[in-house]
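Protein chains: 6
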Amino acid sequence: MDDAHQLGPDAAAEIATFAYELGNLKREPRKGWRQALIANPESVADHTCRVAQLASIIAALEGGDPASAAHMAVWHDSQETRSGDNNKTSKPFMTVVDHETITAAQVERLPEAVRNALQRTVTEFETQATIEAVSAKDADKLECLFQALEYRAAGNTLMQEWIDDSYEALKTTTAIRIADAALVTSPLKWRQ
Amino acid sequence: MDDAHQLGPDAAAEIATFAYELGNLKREPRKGWRQALIANPESVADHTCRVAQLASIIAALEGGDPASAAHMAVWHDSQETRSGDNNKTSKPFMTVVDHETITAAQVERLPEAVRNALQRTVTEFETQATIEAVSAKDADKLECLFQALEYRAAGNTLMQEWIDDSYEALKTTTAIRIADAALVTSPLKWRQ
Amino acid sequence: MDDAHQLGPDAAAEIATFAYELGNLKREPRKGWRQALIANPESVADHTCRVAQLASIIAALEGGDPASAAHMAVWHDSQETRSGDNNKTSKPFMTVVDHETITAAQVERLPEAVRNALQRTVTEFETQATIEAVSAKDADKLECLFQALEYRAAGNTLMQEWIDDSYEALKTTTAIRIADAALVTSPLKWRQ
Amino acid sequence: MDDAHQLGPDAAAEIATFAYELGNLKREPRKGWRQALIANPESVADHTCRVAQLASIIAALEGGDPASAAHMAVWHDSQETRSGDNNKTSKPFMTVVDHETITAAQVERLPEAVRNALQRTVTEFETQATIEAVSAKDADKLECLFQALEYRAAGNTLMQEWIDDSYEALKTTTAIRIADAALVTSPLKWRQ
Amino acid sequence: MDDAHQLGPDAAAEIATFAYELGNLKREPRKGWRQALIANPESVADHTCRVAQLASIIAALEGGDPASAAHMAVWHDSQETRSGDNNKTSKPFMTVVDHETITAAQVERLPEAVRNALQRTVTEFETQATIEAVSAKDADKLECLFQALEYRAAGNTLMQEWIDDSYEALKTTTAIRIADAALVTSPLKWRQ
Amino acid sequence: MDDAHQLGPDAAAEIATFAYELGNLKREPRKGWRQALIANPESVADHTCRVAQLASIIAALEGGDPASAAHMAVWHDSQETRSGDNNKTSKPFMTVVDHETITAAQVERLPEAVRNALQRTVTEFETQATIEAVSAKDADKLECLFQALEYRAAGNTLMQEWIDDSYEALKTTTAIRIADAALVTSPLKWRQ
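Protein chains in written order, with this note's numbering: chain A, 2 to 193; chain B, 2 to 193; chain C, 2 to 193; chain D, 2 to 193; chain E, 2 to 193; chain F, 2 to 193.
Just to be clear, a hint being listed does not mean it is correct.
No distinction is drawn between identical chains; accordingly, a pair holds when it is met within one copy or between any pair of copies.
[To be verified] Straight line, CA to CA, 30 angstroms or less: simulated BS3-like cross-link-like pairs of lysine-lysine:
1. Lys92 x Lys32
2. Lys190 x Lys142
3. Lys32 x Lys142
4. Lys172 x Lys89
Read the hints as simulated data drawn from the structure, not as lab findings.
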């Protein structure tokens, strides 16, 4: 990075402000699990981490670029610092702007290189036109399915809706086959 | 993906097994914070999420590829399902194999495309020879600094060691300037 | 209750369904506290309980009916099972219907006596035209102020905004004087 | 409120002191659930919130005054800041004064209007001579039954005792029919 | 153990029953900390563990038997499965039988060897006539002081009462000197 | 304790430092339970408390000294402040020094009386040559079995491995018979 492009204090402050905002994803419990009587459910950030890992794996198997898929996953719920984590129980009562609009507001004052990178990434994910974007979205659903199976193994009896809804939303053969395997694999198998 | 490369049930089961293993990162509390008297500290996955976001931002500003940096961040602590989260208090009493060896064991039975992608990513991160790898490592430290500042704002009085150690480990000008800004920015500024 | 008005099984099922919905208030953490870095903040139900108690006290002192004020407090956030707990950070990005509309949807299939009682109560609270309604709203703000002072005593350094905003929203002399006293009273004084 | 009756600073301090005491209900986990192996059970305040909501509903259906029933519910466990939440496992080993005595001690120094309102409310609840008092007590038991069913749906296998004991304590036809419905209604039905 | 003394199934069932009862100490949060606004305070068992460790250390330094002192500590709060954790805020409102009576009830149906050992241990602790009993009681207070200092370091501002009360209750020179040192030692010093 | 042996300020500071280190056992969640999808599992100190209680009971029944067995239990996991709580999933990837070496490092600067007492206790436990040491180790396994049964009663479906492994490790007839009884006794039986 040459001097002309070095980060000035104002731009650095904008990034710090945004980083603090992103910290809220670590403290925001996922709404669906609360409704399903899960005490102390995972955070949005917890979810995001494994979504990104699964996006990388699915993209690799689907012949896409793992890094690009993971990158979309990393930002795919970052709008929830603003909108919260809404679902079908809230939707009849509210109109929420689309993710690209929220991202635009979040990155408005960030340096151009960051602003462009994030907006491009969110737009690619929302458009769902590349194999990486499809892999990232499948990873989002597949992660939810794994978590539902884990909560079911931990005792919760209300997980079927989340298992079914996640499964039915899967698009790639890869993700469907991993989901099929997840249904018959013990969460403890890796320990053997 | 043509038929010849489609995921078979055995390979799918290996990936499901690995995905359950990765779930442990969502339940593993970060060790340093426990030692610093933080009740219910963030998980390794919580940390990983913002590391990946910061890696993307730092790489964009340093002229690197945001996706590649975020991708390394996504996998940089994935070995902790095996080794746990060790630090200077444990190191005199144990010898832990390097991250690449743990990753090799974790991905041993995964399909070649995944195995190669993950090993290459971990090796690039550990080698620290690209701007993206340096950005990802700086993101790791910078995220820790932000979290320490957040815990300090939440009341904890023991955070100076983590703030200093994180700050001193930063390599890029971008990360250092963000850290400087973080020290003087309120965690609530984004809400205004 | 004479036989003609006894609750039939369908009506009972509607009430049970609504009671399960209300259970979500016990698991919904208050949003503002999460943004202010409070780990494991109180639930909406936790908040509601002391709001109702304070509403009873304020109304008694303001010459109103304590039961009526407490009753409005009990239902004042019951819409959040649907809308979630939104605040100034979400408002630019969403349009939420008013509380009376949500209540109407929630009670639509409940027996007429319940439906009328709840809609009347919510409307009285939202209209703010009676001393009891004003007492209940002041109790809502005053409870938030007490909780902010408690979180501050527990260490959190970011509470000033909530203390100030709550204080400034108070309408009755009674609530203002209790708030003034709260600012200079130890949370442990009752134990002496 | 005319000037002669305005709250003086000493009286305001007494109310603030009492409001801090009431805050303990938000932090006191319900004892029975801990014994039944529930991790992180609901607080007394969590319980109180839905008791008051159910009291309002039952009273409306039983032809009583919803506000009065809810008001009794709001105060019915407020003595537990002093006595704790005792049950059959503690009773052979301790003698606890009655609720009215504890309330008398709690409100002793509060302004007369508050003192009278609270003592009258607690006495009405303890005497169980009005339909509102009976509705509030039934709401207490019914809420416990709902919570037991929710904990059972969340996995806990030890809930039968609480379900049975709560059910058997119900007095009104309304509450019994709601309980019958609760037993066969999914906690997720409201979401459809 | 010769055959004549082997544990029969009824006696084994009584011990299992008691072991499940003791499990409640792991889930019972310490009451004082809840009153002092500590979220998720330690359990009675958490406290007991360090009390026993400190009792061992104090007794060793006071010339007593470490094992005997630790053993008294291990059982010193075991009555709280029945009585709960009461303190000065509850005492005016309840009469609780003494610890020896509760222990007698708990061990009534256990084999004689266990019954005698536990009753002797509890009586020795309550009588406070041996250096080991005094060491165990000092360990109880000293542990509370350490925990108060840790909660203060974690941000809580209300700990002075617990620090002072614990300090003033200490009897042995050893415990007083450790307390003096605790006040000026960082909770992080052991990590250096 | 005569003057010549009184604890000096440096020695007191070393003990305070060690007591803060021991506090980490209260905050360290047990690793196996996290892997088995237990949210918020017990701490190492929670576990230690009931191990010590069971060690006391087993030793009494096996004709050993309850205090000595409990004392070994109190210190048997105290090394985990340094090594963490490692298990079969971590062992292929790390070499950890033995417990006696860690204890030696922990007590190195403590007064001789404490140092000797702790090292002797840890060595006796690790050597497993006395009935008290065997009782303490059986108590460690038996406690794990009780906790697994409790987590299973609370809903978790993955406990069989822990139940079996704990059972198979038991050495004394006493512990085996208590385990047999535990398998068929309700965790709620003590309440009747």
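A quick look at each hint next to the structure:
{"no.": "1", "hint": "Lys92 x Lys32", "verdict": "both (13 angstroms within a copy, 18 angstroms between copies)"}
{"no.": "2", "hint": "Lys190 x Lys142", "verdict": "both (22 angstroms within a copy, 23 angstroms between copies)"}
{"no.": "3", "hint": "Lys32 x Lys142", "verdict": "both (15 angstroms within a copy, 25 angstroms between copies)"}
{"no.": "4", "hint": "Lys172 x Lys89", "verdict": "within (21 angstroms within a copy, 37 angstroms between copies)"}
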